[in-house]
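Residue strings, one per chain:
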Amino acid sequence: MESDELLINMGPVHPSTHGVLRFKLRMDGESIRECTPVLGHLHRGTEKIGEMKTYLQFIPYTDRLDYISAFPNNYAFVKAVEELAGIEVPLRAEYIRVLTMELNRIVNHLVSIGSLLMDLGAATMIMWGFRERENALQLFEMLCGARMTFNYIKPGGVREDIPDGFMPKLNEFLKDMEKRIDDYEQLINGNEIFHMRMKNIGVISAKDAVNYGWTGPTLRGSGVDYDLRKYEPYSIYPDLDFKVCVRNEGDSFARFIVRMDEMRESLHILRQVVDNMPASKEISSAKYGIAPMTGTPTAVSSYFPRIFTPPPGEVYSRIEAPKGELGFYVVSDGTTKPYRVKIRSPSFCNLTAIPSLVTGLKIPDLIAAFGTIDVVLGDVDR
Amino acid sequence: MEKGGIRVDPVTIDTTKIKITKKQPVTALDKLNDTGLISTVLSAREREGMILFSTVDQVFNWARLSSLWPVTSGLACCAIEMMAVAMAHHDIARFGMEIFRASPRQADLMFVAGTVTKRMAPRVKQLYEMMPDPKWVIAVGSCASTGGPYHESYSVLKGVDLIIPVDVYMPGCPPRPEAWIYAVIQLREKIKNQGYGAKWGLNK
Amino acid sequence: MNAAEELKNLLPGSVVSTGLQLNKPMAVIKKEELLKAAGKAKEMGFDHLSVITGIDYKDHFEVIYNFFSYNKKQNLALKVNLDHDKPEVESLTGLWNGADWLERETFDLVGIKFIGHPNLVRILLPDGWNGHPLRKDYDMNTEQFVTIGENGDDVVSTDGTNLLRRK
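Chains as they are written, first to last, in this note's numbering: chain C, 276 to 657; chain P, 436 to 639; chain H, 151 to 317.
What the hints contain is simulated information worked out from the structure, not anything from laboratory work. Just so you know, these numbers come straight off a predicted model, no measurement behind them. Check the hints yourself; a few may be wrong.
[As the list claims (entries may be wrong)] Here are the simulated DSS-like cross-link-like pairs (lysine-lysine), alpha carbons at most 30 Å apart as the crow flies:
#1 K236(H) - K505(C)
#2 K263(H) - K236(H)
#3 K223(H) - K482(C)
#4 K192(H) - K518(C)
#5 K482(C) - K190(H)
#6 K236(H) - K482(C)
#7 K323(C) - K263(H)
#8 K625(P) - K570(P)
[Unchecked claim] Examples of chain C residues toward chain P, derived with CB under 10 Å:
#9 P290
#10 G294
#11 H318
#12 R319
#13 T321
#14 M327
#15 P335
#16 Y342
#17 V386
#18 G404
#19 L412
#20 P586
Quick reminder that beta carbons are idealized off the backbone N, C-alpha and C, glycines included.
Using the sequences plus the hints, can you model the full thing?
In structure tokens:
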């Protein structure tokens, strides 16, 4: 039977494109014949701004790339600068950084799973997810006063030490979260409709996933045992005990389960961080830790010079952000501003595969497959 | 006019039998009176119905501000806070605003939640033009207000008020949910004082 | 022996020099031989193309490819130098599907042409945008505006009268 070809425009204002992404769909009846993503509706020129700002001034802009999980963005850029300038970081600062990043991973997965289920038509999970997210955001607020855009991690350490009363609240959160994840699993994992919508939808093999440059939970859902925290360790991750969550199916359901498992692993990491947090109050690098005006050792509040010139050179430094491999290519020419900042964002590279993933499926399946890739448009368009 | 077997003449009212109640608001009508929008609520003991005196402006404004329906158009970081505002903890449903419409044709309020890039600007304008009158716009965060941190960028519009009229500007990057609620209250104040009566100084 | 030197042993004609990119092995490749060298790197097990970076050095362009091997857990970076007048290099889309968008982005923002790319059009900025923003000589003072054309595509112009409420 012959059917007419239909052109459907989805976005850039659409409730389930998670922002301002636009799909041009060529439909054959109800199935998608060709899907062309149109990007760039949130292109803010971050890389050009990086060339106009000093190293310290650029850190707030990294917050606004992947705005759901901003701590890993901060850290990825700061790590590149630290590698470039050879700055040593005290152990307590590294522990605080990992603490914030893992908390942020939980927040990211909560938002991701919540919005995925809302797009599929189940509104409960996003209510629950945002309930727990609010508790985590209160912890972030205690640390640095901001809910989403932190500007907290800086070269040589972190901006401020952990305030009083933070640790008991964190312990409470960890205890609470364990039960909550059980609740989520009870709510979602056995749901038959959910299985029908997710299983065998958007299947990609391990070989293709690697070829498309997929990273993060999406890649691990296809059976590639790979996590930068484990295999190219940075910060204090070598000292921590955690396992890499992998599923072999490669479909949307597998990617969803990987995220659920990762939340548990993050809780496990956080508990270790809380137990082993060094008691010393040193949170900033000794090289820059003395404020020149006062001459006092800055044990509690950290200091970093505004005029900061790393030696000329270039570095590509990457971390395992909640969405995948987040890398910064920073070129220094020995002045106060970077010569070039290139951002390798996980969302952009993971989105590359969406046309091949959804060809032949229906539009509701596009929503399911797209939801499990978990992109943030600030990260895609930069 | 026959109603319930009693002949009701709206012109001759026996004023001695009218009681103006000044008690705690219990019924929905009392609460309505308490808002100050409806100027007088009179109840006649012998009558089965009640008589409300108000102006058309006040009734319309009250109806409009009590149930603003925003259009779902998240642009950037602020959109995540928009989700947080709509969710259980902050719960914008308390202001009659929980119905985020996916279609601009059913909405009367637009949150410009995030950075308006050059490429998105004509689409935002189109979205605004698709909304039926009366309509209001809240510019959320520094990006939508002035361009914010991206003011120097080559691809960012320096404030959404360059393309569409804005009613309330909300500072913050992104604004806290409390700031959203405050901005909404400001917009409600503004709507309350709209119309011909406001122009003639009668709605106050 | 690191991966860059290994590559030089395999392809002595293509590799100009080897060195370190801070701590990762890097090989500078002749620009004509990039496809060959990248193919060899893929054979050596570097199956993950991490990022493509284009840099404008005013007198020449550099394009840097960062690879990673999932089996060996090793890094490798390849670098090519391009003339400023004619920034052209072979496309790697035949080897990595992921190179598609990364190359389009580099073309869009830095203005490097990738020969053999199946669909080399702008990706982040709309078609018709004047200039490549990440070049050092990009004109930041001229405002460009986008409007929607008749068939729904973007139209770029420096005249914003259709869009703006006031001048």
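Outcome of the hint check:
With a CA separation close to 42 Å, the supplied pair K236(H) and K505(C) exceeds the 30 Å bound. At roughly 9 Å between alpha-carbon atoms, K263(H) and K236(H) fall within 30 Å of each other, so this suggested pair holds. Restraint check for K223(H) and K482(C): the C-alpha separation of about 17 Å stays at or below 30 Å, so the hint holds. The suggested pairing of K192(H) with K518(C) holds, with an alpha-carbon distance near 28 Å, which does not exceed 30 Å.
With a C-alpha separation of about 18 Å, the suggested pairing of K482(C) with K190(H) holds against the 30 Å cut-off. Restraint check for K236(H) and K482(C): not satisfied, since their Cα atoms lie roughly 35 Å apart, outside the 30 Å limit. A hinted pair counts as satisfied when its Cα atoms are at most 30 Å apart, and K323(C) with K263(H) qualifies at roughly 20 Å. Restraint check for K625(P) and K570(P): the C-alpha separation of about 12 Å stays at or below 30 Å, so the hint holds.
Hint status for P290(C): holds, given a least beta-carbon distance of 5 Å to chain P, under 10 Å. A cut of 10 Å between beta carbons decides the hint on G294(C): the least distance to chain P is about 6 Å, and the hint holds. For H318(C), the interface hint holds, since its Cβ comes within 10 Å of a Cβ in chain P; the closest pair sits about 5 Å apart. Evaluation of the R319(C) hint against chain P yields a held restraint, the C-beta minimum of about 5 Å falling below 10 Å.
Taking 10 Å as the C-beta cut-off, the interface hint given for T321(C) holds, the closest approach to chain P being about 8 Å. Because the beta carbon of M327(C) sits about 6 Å from the nearest beta carbon in chain P, less than 10 Å, this interface hint is met. Interface hint status for P335(C): upheld, as the beta-carbon distance to the closest one in chain P is roughly 7 Å, under 10 Å. Nearest Cβ of chain P to the Cβ of Y342(C): about 4 Å, under the 10 Å cut. The hint holds.
Satisfaction of the interface hint for V386(C) is found here, the shortest Cβ-Cβ separation to chain P being roughly 7 Å, below the 10 Å cut-off. A hinted interface residue such as G404(C) counts as satisfied when its beta carbon comes closer than 10 Å to some beta carbon of chain P; here the least separation is about 8 Å, so the hint holds. Hint on L412(C) holds. Least Cβ distance to chain P is approximately 8 Å, under the 10 Å limit. Given the 10 Å rule on beta carbons, the hint for P586(C) is violated: about 27 Å separates it from the nearest Cβ of chain P.
Violated hints, listed in ascending order, are 1, 6, 20; each of the other numbered hints is respected by the structure.
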